[in-house]
Amino acid sequence: MISILCVDDDPTSLSIQQIILKHNHFCEKTITKTNGQDAIDYYDDLVKTSESPAPDLIFLDLNMPILDGWGFLDQFHSRFYSKFPKTLVYILSSSVDPSDKLRSERYPFVKDFISKPITKEILTQIQKSG
Amino acid sequence: MEEKNQIRIIGIGASAGGLEALQNFLSHLDPEMKEHVFIVAQHVSPTYKSMLAQLLGKSSSLPVKEAENDGELIPGFIYITPPDTEIMISDQKFVLKKPKYVAGPKPSIDILFQSIAFHYRQRSIGIILSGTGRDGSLGITSIKLEGGLTIAQDPKASKFDGMPIAAIETGNVDWILPPEKMGEAILEYIKQPGLSKEKEEEKDWESSILFKILLSLSNHKGTDFSTYKQTTITRRVEKRIESLKLANIEAYQKYLEDHPEEYDSLFETILIGVTSFYRDEEAFLSIEEYLESIIAEKQKGDSIRIWTPGCSTGEEAYSIASIIANILKERVTQYNIQIFATDIDEKAIAFARKAIYPNTSSFLFKSIDDNSFLIKKEDSFEISKLLRSMVLFTKHDLTRNPPFLKLDMVICRNLLIYFGQNLQQQIIPLFHYALNPNGILFLGKSETVDNFTDLFSALDAKNKIFQRKRGGTLQTLRFAGFRPNSTILIPSLNKEAVRKDLSVSEMVKETLYNTFDFPYVVITDNYVIEMINGDVNLFLSLPEGVMNANILKMIRPELQVELRFTISKVIREKEPQKSELVRFSVSGTTYLTSIKVKPLLYSHKNNDLFMVIFEIYPDGSQQVTPRIEGSDAELFEKIGSLEKELSTTKEHLQIYIEELETSNEELQSLNEEVQSTNEELQSSNEELETSVEELQSTNEEIQIAYSELRTTNDELERKDNLLKIKESSQAALLNNSLQSFILTDKEFKILAFNDKAKSTFLFFFKKHIQIGDDILVFFHHEYFPTLESELPKLKMGEIISGETRIKNQVAQEIYLAYNFSPVLDLSQNISVISISLLDISFTKLTESNLRKTENLLQSVFQAVDIGICITDKFGNYVNVNQAYCDIYGFPREELIGKSFTIVVLPEYKEAIQNLHDQFILGKEEIPQEWSVQRKDGSIIDIYANAKLLIEEDSTRYKVTSVRDITERKKYQRLLMQTQETAHVGGWEFDKITLHFSMTAETYRLFNLPVNSLQDMNSLACLFNEYEKERLLLHFNSAVLNHQPFDLLLEYTDKSSRKLWYRAIGAPSSQQSHTKKIYGSFQDVTERIHNELQIKKTNELLAQTNETARVGGWEVNLTTSEIKWTKVTLEIHETPYEYIPNGEEALNFYKEGKHRDRISMLFQELISNGTPFDEEFEIVTHKNNIRWVRTTGLATFENGKCVRLYGAFQDIHERKKSTEAIRVAKERYDFLARASKDAIWDWDLKENRVFLGEGFRTIFGYENEEEIQNYERWIECIHTDDLERIQDSFSKFIRTEKESQLNTEYRFKKANGEYAIVISKCYAIRDEIGKTIRILGSLQDFTKSKEEEHRLKLLESVITNANDSVLITEAEPFSLPGPRIVYVNNAFTKMTGYSAEEVIGGSPRILQGPKTDQEELKKLRLAMDKWESCEIQVINYKKNGDEFWNHFSIFPLANENGWFTHWIAIEKDVTKKKREDDEKEKLISELTQNNKDLKQFTYITSHNLRAPLSNLTAALNIIDDLSISDPMLTELLKGIRDSTNNLNQTINDLIKILIIKDNPAIEQTKLNLQSVFETVVSQIGNIIKSSEAEILTSFDQVNNLFFNRSYLESIFLNLLTNAIRYRSPKRKLKVHVKAKQDQDHTYITFEDNGLGIDMERHKDKIFGLYQRFHDIPESKGLGLYLVKTQVLSLGGTISVESQVDVGTKFNIVIKR
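For the record, the sequence lines run as chains A and B.
Counted the way this note's numbering counts, the first sequence spans residues 1 to 130.
Counted the way this note's numbering counts, the second sequence spans residues 1 to 1711.
Each hint should be verified, as a subset may be incorrect.
Stated by the list, open to error - Each computed DSS-like pair below joins lysine-lysine, with the alpha-carbon atoms no more than 25 Å apart: (1) B:K1629 / A:K120; (2) B:K1491 / A:K101; (3) B:K1533 / A:K101; (4) B:K159 / B:K212; (5) A:K101 / B:K212.
To be verified - One side only, chain B facing chain A, incomplete, derived with CB under 8 Å: (6) H1502; (7) A1513; (8) K1556; (9) I1582; (10) S1585.
Said to hold, decoys possible - What the simulated footprint calls covered on chain A by chain B, stretch by stretch (three residues with Cβ under 8 Å from a Cβ of chain B suffice, anywhere in the stretch; the number is not a length): (11) 3-15; (12) 95-109.
No wet-lab data here; the hints were simulated from the structure.
Glycine included, every Cβ here is placed at the ideal spot set by N, Cα and C.
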């Protein structure tokens, strides 16, 4: 029943994510966006049309062109969080900068900071906590 | 009366055991007792019905009855008290009451006895029977005090002895008897007072009227005179009878009954005190001797006790006191002198206490040398306090009260003469009792100790001075009263009672004594018979002549020789002797006697007593004869045995006698004890006396108050009488009056009226007035129109009066005057209204006639224009007319009634009043001119004439007419005065008559006799030639041409004085042509002189003012104009035209205290005129401050200040110099005090050096004697300097020119060190130039020297320093900046400016356009705060080159802490600055690079990690896929391995990066062991497989602060390294140890592995990517990581290693 939004500028990373998610039967539906702006646009549409249900979970990369992860988090926080308060966000980044992790913790909806690659074990953990 | 007097009331008190006693008492009562009343108070139970009456009735012959309240006392009855009742008697009736108190026995015997005593006095008898407790003892005392009889049951015969003993103990019990004896004794007591003849006399006496009078006097006054000498008393009473003009004593007795106050008079008359100071001077002189001897025996502090009973008004007592004081003089305070002066007359005592006596008695004191005992007053004198303190006055009845005891002297003079014989007989023993042994008794001239020679021996018979003999009688004394009634029966001890007290031996003795046949007498050693026993008639007989107790005189002549011989022998030998047998015959019978004389065993005090025993035998010639019949031998034998027996008997007798004596002695001592007890009682009695005395004084106060009251009362009575008299005279007055008087009440109802009123009303109103009529009915409205409206006024206390005209019955017009007067009571209400009416018709008529005449006169009086006044004989105005008023300016009303002297000038008032008085008496007054004063104070002249007017009634008036002649007089006087005061003489020349006349003053001017000149010519001749010409010329011109002239003529008088006369002449201008020439001469010399003088003075003043810069100022307060003189203006530096105004002028004074002060002074000046002279500072117009001196004075007119003026002086220069001197002086004083120099003063003549304080403080010479001359001084000078100094010194001394010498040398201090000193000396030389003294100072220069040296060094440092040094003065900061005082060479080098160029200038010379102003500001701020500061700015060299100048400044303080200079150290830092700039640039570049690199690293790592993670993820997925191709599998394995390796490497790198970048890593407290175990468990498999042996010892470490993951990583890396590089040759052993000290934790990690070649790898061991072994997994990252982690937390790591031995890592972590 779960739908996931994966935001990452690296197509390889995105496809691998999808494979892993699919492979582990983690979700029913995955939406992928290649940068933060696309993700925001997606949410704008979502709000406008209200056709499809909002994603339950977001895997968000930080290092992205146009609008990076931080930009997305800010906008989501200000514009959509109130509408979709149940949305959980996991930062999925190859960054090992500790400051990034600290920064991410400031957002209430960010559940965890996961260093890439995402693994079966991590998914299991998310499921458990979910 | 007689009958009643006989009745006795016998009160009987009894309690427990009382019934038996009562029965005993009653059964023995004689029937005769039925004349008396018996009242029994037997204590009985209040609750039981008493059977007492029945019980007693049986035993008594008299009827027994229960007492009833209000029942009469009937003689012959025995009354008993009902239970629970108190019994009392009052007025011969019983009063029974319920007991007041629950406790206590009932009935109270005390209450009964007291009431009996009160009502029956000496007719009371009280009996106390058996009982316990003390009831009755108070009652007994009351009865005793009233003179009744008191009896107590013998305690020994009582069942219970409590009550009798208590009664006896009061000392007021007369008899102690068993009950059965009481009745008899009482009967005897009642029946007879009279055993002796004397008593019988007294019985007569008692029945006499006089006695009764005395008795009632005793009842009134408490003093019984009945025992006093009858003749005296009779004389005194007769005196009273005489003065009262009574017929006889019976009348007097009656008079006394009616006038109880007469008792007082009688009492006083009887007690006439006749006494004076030193009464009987001779006696007093001799008593002085005895007093001296008494005092001589006394020790310090002893009491001297003297009693003078009957002291009367105290003169005698004070006389004795003064004698004692005179004897003792100043020792008087060492003794306790007590003179008890007693009398029964309280008035006399009160008088004596006051101690003030009339002057007439004082001369008596003259025999005493010292009059200081007296305080003189106007007509009296007061006894000094000293004497008064010696005498104690108290009321005391010699016949009743106990005596004073232990007295040294009794002075009882002329008192006994008043006493009857019987009383005297008791008083003398009393004195004996009271006196000390050998005490002195001093009696009056006609008194004697009577027959008490055994008690007193005469010392001076003439002066009646007696001495108490020792011992004397043992006679019992009784002090409770010497009444005849009670004294008769003083019971010698009851026989039965006595009997019980005697021992058997005593009884034997007594018996023997009584049976001893021979009579004997006891004699003293001077043969006086003391005692006689037995019948001695045979031997002794009374001789004729004077009574004499001398045994030798009384003995029979036959026995005399034998007796004398025997007695004298006994006296001599003190052995009993027996005389030979002596035969003598009496009336025919012959007796044989032997006289035995024995000394008594006990000497009687001071007297030896002897017993003379007359043994008598029958005459042998008669008696022996029959015996002769027997044989002689038998007879002799018989006689012998008889004699033997007799002698034995004698011996026995002797023994018994001795025993008797002993018991007597015992008795005596017993008696003495009793006496001592008595004495104690006496002393307490004395204390009581003192308190009585206090009460006495209170009483006196009450007396005074009483007498005041009495006076008031008398006054009231007197007033009452007066009132009565007034009332009656008033009534008479009213009736005599012509006026009608009616008194009404406030409702106008008539209360009373006089006769006139009656007739008036009849006449006018035809009506009889009656009391009770309404008076207002008569006062018709018609006649009394205003009355009704006025009536209310009465209520206000006002009087209504008026007149009215009434037509009477015959239509005659009558004038009535009426008057309503309210009489107000105390509360201001009308009590009575008095109305009076008077017919005034005649008066009215006369009045109108008079008025007419008067009017006529009045108009004349007023019409005349001459002032007329009428004054009465006192000179008071009676009338004045208008003209008079006009003349004097007084309105008429102000004059009338006043004395005419109101217009008289004060100085004449008295004289003119006299004139007036004489005029009134008839002396004529001549019309005369007077000067008088008008109301407005102006003085006018009048011409007055007077006439005396004598009226019919001979009253006299003075009528005076007055004319104002002031104008006329004025001119006369003016002229006179002018002439006199101005020295102007006038002259007149009549052109027609050619008459020349001059005034007296003119003659005086020329010093000529009056009227001695006839023409002007001769006058002109008095002047010198020249002036004469001038005068005459002008005179003639005036006469001829009517030319007036005014000349100043020089005139030389006779004494050649030069005078100036002004001559004026003018034709009279009265008419068109001149008839007369008038002129004057005036002496104007003085004016001329003054003018000259003023001119001179003014010049001088101007000059002075100019030079002293003294100006003046003036304020005219009326115009508020201020004037300043030129100098004043100059001092103020104002323009000359400046005109100051009020405030402005004061504002020149410097604000603050100067201005305040001057303002204050001005205020004072204006209000009080207080002048001032003070110095001030002013601020001039040109703003300069100057010192000035201002003085101020004020002029007052009519008490108002109108003008202020004063001087104004510039004292600036003076003040400045004074100030300068003061400052200099102060500075000098300060220096002198503060100077640290040692001062010395060498006197060359004396060769002595005086050293100042400095020698001690500076050189340590404590004792100035160490250097006191030149030689010693020289020794203190350092030898190296000595010669030089001596040279210059001797030169200095010798020279005459130089007075000062300065030298420098080393001077030895007290501690031996040398101080470098600068010596300055000044020579003082005498007139011939010889040096006599040198004054000098030594200044310890050592420090200064050292300082100097140091400074020199410093200076060279500064001079040669590389940094430039610049010193400026401290101020000013502001432009142009502080002045440079010093720069060093470096400064010149740095800036190019030479020192000369910059010193005196400002450091700002270095500043230029690029100098940073902000930095300079910083500098200035610091300087403001006196702080040091460092700045760096661009400065400019002399040649204009810029340079960076780094300079620091700091302030320099002097020793007082004052900042005086700034020091600047400057450095050219241009080069350094440039380098710094480059360095900074490099660093920032590097930092940026670093930043970029770091960013780069992250990005790199991220970019690396991203694909790597993809790879990893992909590989993970692949793992889940099944791949069949083996080659692919192989390839995938290779990819996986590479990916893992790459991942690991990148992770490591990232880790390092994070550590490096993030030093603030969290540290926690760690347990080493657990951390290590975590690590071990992580790599458990590897360890297991390597079979490594791991040892840890962490025990020593308790707590380690470190990052846990770091520590884990460290251990992990080291452990994996150890396993990885283990030696294959041996089993791996790892030993991890840890220890701690204060600061560090040491961890060693040791293995026995391959080891590292330290020589090769030493520097690289901890490097990145360093690998020392060819082992595949080794990447060369581990140790680098370890080191990084250790260092990041402040630790260090080192390594020791040997190849193939092992490696040891030492980690040190800071705690």
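Verification of the supplied hints:
1. B:K1629 / A:K120: 40 Å, violated
2. B:K1491 / A:K101: 20 Å, holds
3. B:K1533 / A:K101: 33 Å, violated
4. B:K159 / B:K212: Between K159 (chain B) and K212 (chain B) the Cα gap is close to 42 Å, so the pair fails against 25 Å, i.e. violated.
5. A:K101 / B:K212: 147 Å, violated
6. H1502: Result: holds, 5 Å to nearest chain A Cβ.
7. A1513: 3 Å, holds
8. K1556: 12 Å, violated
9. I1582: Where the cut-off is 8 Å and the nearest Cβ of chain A is about 23 Å from I1582 (chain B), the hint is violated.
10. S1585: Since the shortest Cβ distance to chain A is 26 Å, the answer is violated.
11. 3-15: holds (count 3)
12. 95-109: Coverage by chain B holds for the segment 95-109 of chain A (4 residues, Cβ < 8 Å).
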